[in-house]
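Undergrad: Sequence:
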Amino acid sequence: MNRQSARRLGEMPLSRRGLLGLGLGAAATAGLSACGSNGSPQSQEIVVAIVSNPQMQDAISLIEDFRAKNPGINVRFVSLPENEARAKITASVATGGGEFDVVMVSNYETPMWAENGWITDLVPFMDATDGYDCQDFIPTIREALTVGAGQYSVPFYGESSFLVYRQDLFDDAGISMPEQPTWEEVAEIAARMHDPANNFSGICLRGLAGWGEVMAPLNTVINTYGGRWFDEAWNPQLDSPEVHAAVSDYVNLVRNHGQPGAATSGYGDCLTRFSQGNAAMWYDATAMVSSVEDPASSLVVGKTGYALAPVKETESAGWLYTWSLAIPETSERKQAAWDFIAWMTNKDYFQLVGDQVSWERLPPGSRQSTYEIPQYAEIASSYAGPTLKAMGQASQETSMVHSVPYTGLQFVGIPEFQDLGTRVAQQISAAIAGQQSVEAALEQSQSFATSVARTYQEG
Numbered sequence: 001m002n003r004q005s006a007r008r009l010g011e012m013p014l015s016r017r018g019l020l021g022l023g024l025g026a027a028a029t030a031g032l033s034a035c036g037s038n039g040s041p042q043s044q045e046i047v048v049a050i051v052s053n054p055q056m057q058d059a060i061s062l063i064e065d066f067r068a069k070n071p072g073i074n075v076r077f078v079s080l081p082e083n084e085a086r087a088k089i090t091a092s093v094a095t096g097g098g099e100f101d102v103v104m105v106s107n108y109e110t111p112m113w114a115e116n117g118w119i120t121d122l123v124p125f126m127d128a129t130d131g132y133d134c135q136d137f138i139p140t141i142r143e144a145l146t147v148g149a150g151q152y153s154v155p156f157y158g159e160s161s162f163l164v165y166r167q168d169l170f171d172d173a174g175i176s177m178p179e180q181p182t183w184e185e186v187a188e189i190a191a192r193m194h195d196p197a198n199n200f201s202g203i204c205l206r207g208l209a210g211w212g213e214v215m216a217p218l219n220t221v222i223n224t225y226g227g228r229w230f231d232e233a234w235n236p237q238l239d240s241p242e243v244h245a246a247v248s249d250y251v252n253l254v255r256n257h258g259q260p261g262a263a264t265s266g267y268g269d270c271l272t273r274f275s276q277g278n279a280a281m282w283y284d285a286t287a288m289v290s291s292v293e294d295p296a297s298s299l300v301v302g303k304t305g306y307a308l309a310p311v312k313e314t315e316s317a318g319w320l321y322t323w324s325l326a327i328p329e330t331s332e333r334k335q336a337a338w339d340f341i342a343w344m345t346n347k348d349y350f351q352l353v354g355d356q357v358s359w360e361r362l363p364p365g366s367r368q369s370t371y372e373i374p375q376y377a378e379i380a381s382s383y384a385g386p387t388l389k390a391m392g393q394a395s396q397e398t399s400m401v402h403s404v405p406y407t408g409l410q411f412v413g414i415p416e417f418q419d420l421g422t423r424v425a426q427q428i429s430a431a432i433a434g435q436q437s438v439e440a441a442l443e444q445s446q447s448f449a450t451s452v453a454r455t456y457q458e459g
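Residue numbering for the sequence shown follows my numbering, beginning at 1 and increasing consecutively.
Because the hints were derived from the structure by calculation, they are not lab data. Hints should not be assumed to be uniformly reliable.
Lysine to aspartate or glutamate pairs mimicking EDC-like chemistry, simulated, CA-CA at most 20 Å apart [as the list claims (entries may be wrong)]:
#1 389 to 443
#2 312 to 179
#3 303 to 378
#4 312 to 397
#5 347 to 372
#6 334 to 82
What follows is a set of in silico ranges between Cβ atoms, one per label pair, in the way DEER data are often shown [to be verified]:
#7 403 to 256: 30 to 36 Å
#8 332 to 235: 27 to 33 Å
#9 264 to 335: 41 to 47 Å
#10 127 to 98: 22 to 28 Å
#11 457 to 148: 23 to 29 Å
#12 123 to 455: 27 to 33 Å
#13 136 to 235: 39 to 45 Å
#14 239 to 455: 16 to 22 Å
#15 264 to 239: 41 to 47 Å
#16 235 to 174: 29 to 35 Å
#17 61 to 447: 35 to 41 Å
#18 264 to 419: 20 to 26 Å
#19 335 to 198: 55 to 61 Å
Glycine included, every Cβ here is placed at the ideal spot set by N, Cα and C.
Produce the complete structure using the sequences and hints provided.
TA: Encoded structure:
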């Protein structure tokens, strides 16, 4: 999305952002005392809303380190599953609720919320923090969180996407995986490796409905096939031949050579299947390595190889995503909030995780220096290169055939996409389940997109 488009989004009234229907939900809250920042004479409490995935839970477990370094700041965590966290945080920040001092957001929300004035420019805080080194952030991630001269959130971890495969089984079968395969090559290999009689699938792909589930990998397929959600005049393109070809190939691949019950498989299910040795390949987030290569939970450690995201018509593919930390403008404790963010995203934190949790659990894909830590470099030798290359070339210029009026590779950077993407995902998931044809799914999806497009065409 160009700056004019982003600015126009920032001027849209709340009702057009589709936020009024968001429920606040019940919060799973962990109250953890910590103590003070910058010599503050009185104790302050900050409330930190985060997504409850393993890396964030590690941060909660390490809070004693923050306590020792920051006497005077009490930290209360609100930790929720992704969908609940996104809804609660969005509703709070958009309405100026003021419940949170630190919120976990992504590169989907950050540019829009910055344009709306909902979150704080963190550049002054970064500049005033000795040794923070914001230039160490991976450039594509830093740019995704930047609006104008300001950076409105800082990354906790980042990811693109790539293809993990069973190198040991490929060697046994005499199969060579290209550094960057085509989707046709992936389909051929999946057919060859598929062995359902032994509960072994040729590939695992997300099929679970949700804009952050099946649409994440599928959108990168649509992009490299030459498809897009809208053209530059905001005309919907979901019934185009390119989108039809991409969705058909994805649906056929997972139906014919994917895991059982693919329509209900999300990231977590595919992670379990591949890590337990039940799939030959899996295309998904580069952040998978923290679990795939963890001896405590995976049976395939040391048996894997990594290839760049499959392509068709583009020089690269994949997505770009980051979970990052921001400060709502409504916070009355911005310095204390920043002190916490700086602790959780600086270089020292990665050493802390390695020393006290495990080196496999380092938050990947945010800082370039992470990959220079000797202990992590040794563990990450098979996937560090593919991860950094995938993230470095994750751009619309290299991963899409046609220009578009929005930001995003695995999402469309408009507020309505939370609803639109989910509706389209439900149609795709139904096609994967065999409940309807791809043609019917895309016809309905085009109708959904047409309703959204009117907002932008009228502007």
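Undergrad: Is it true that the C-beta distance of residue 136 to residue 235 lies inside 39 to 45 Å, as the hint says?
TA: Holds, at about 41 Å.
Undergrad: Is 55 to 61 Å respected by the C-beta to C-beta distance linking residue 335 and residue 198?
TA: holds, 58 Å
Undergrad: For a C-alpha distance cap of 20 Å, please report whether residue 334 and residue 82 respect it.
TA: It is violated: about 24 Å lies between the C-alpha atoms, which goes past 20 Å.
Undergrad: Go ahead and decide if the range 29 to 35 Å is satisfied by the Cβ distance of residue 235 to residue 174.
TA: The hint (29 to 35 Å, Cβ to Cβ) is violated, given that residue 235 and residue 174 are roughly 47 Å apart.
Undergrad: CA of residue 312 to CA of residue 179, is that 20 Å or under?
TA: holds, 14 Å
Undergrad: Keeping to a limit of 20 Å between CA atoms, is the pair of residue 312 and residue 397 held or broken?
TA: The given pair, whose Cα atoms are some 15 Å apart, holds under the 20 Å limit.
Undergrad: Regarding residue 61 and residue 447, is the given constraint of 35 to 41 Å on their beta-carbon distance met?
TA: violated, 47 Å
Undergrad: Regarding residue 457 and residue 148, is the given constraint of 23 to 29 Å on their beta-carbon distance met?
TA: holds, 26 Å
Undergrad: Check the following: the C-beta atoms of residue 264 and residue 419 are separated by a distance inside 20 to 26 Å.
TA: Given range 20 to 26 Å: holds, Cβ gap about 21 Å.
Undergrad: Is 27 to 33 Å respected by the C-beta to C-beta distance linking residue 123 and residue 455?
TA: At 32 Å between Cβs, range holds.
Undergrad: Given the hint of 16 to 22 Å, is the C-beta distance from residue 239 to residue 455 inside that range or not?
TA: Roughly 19 Å apart at Cβ, these two residues keep to the hinted range, so it holds.
Undergrad: Check the hint pairing residue 389 with residue 443 against an upper bound of 20 Å on the C-alpha distance.
TA: violated, 36 Å
Hint compliance for this structure: hints 1, 6, 8, 15, 16, 17 are broken, all remaining hints hold.
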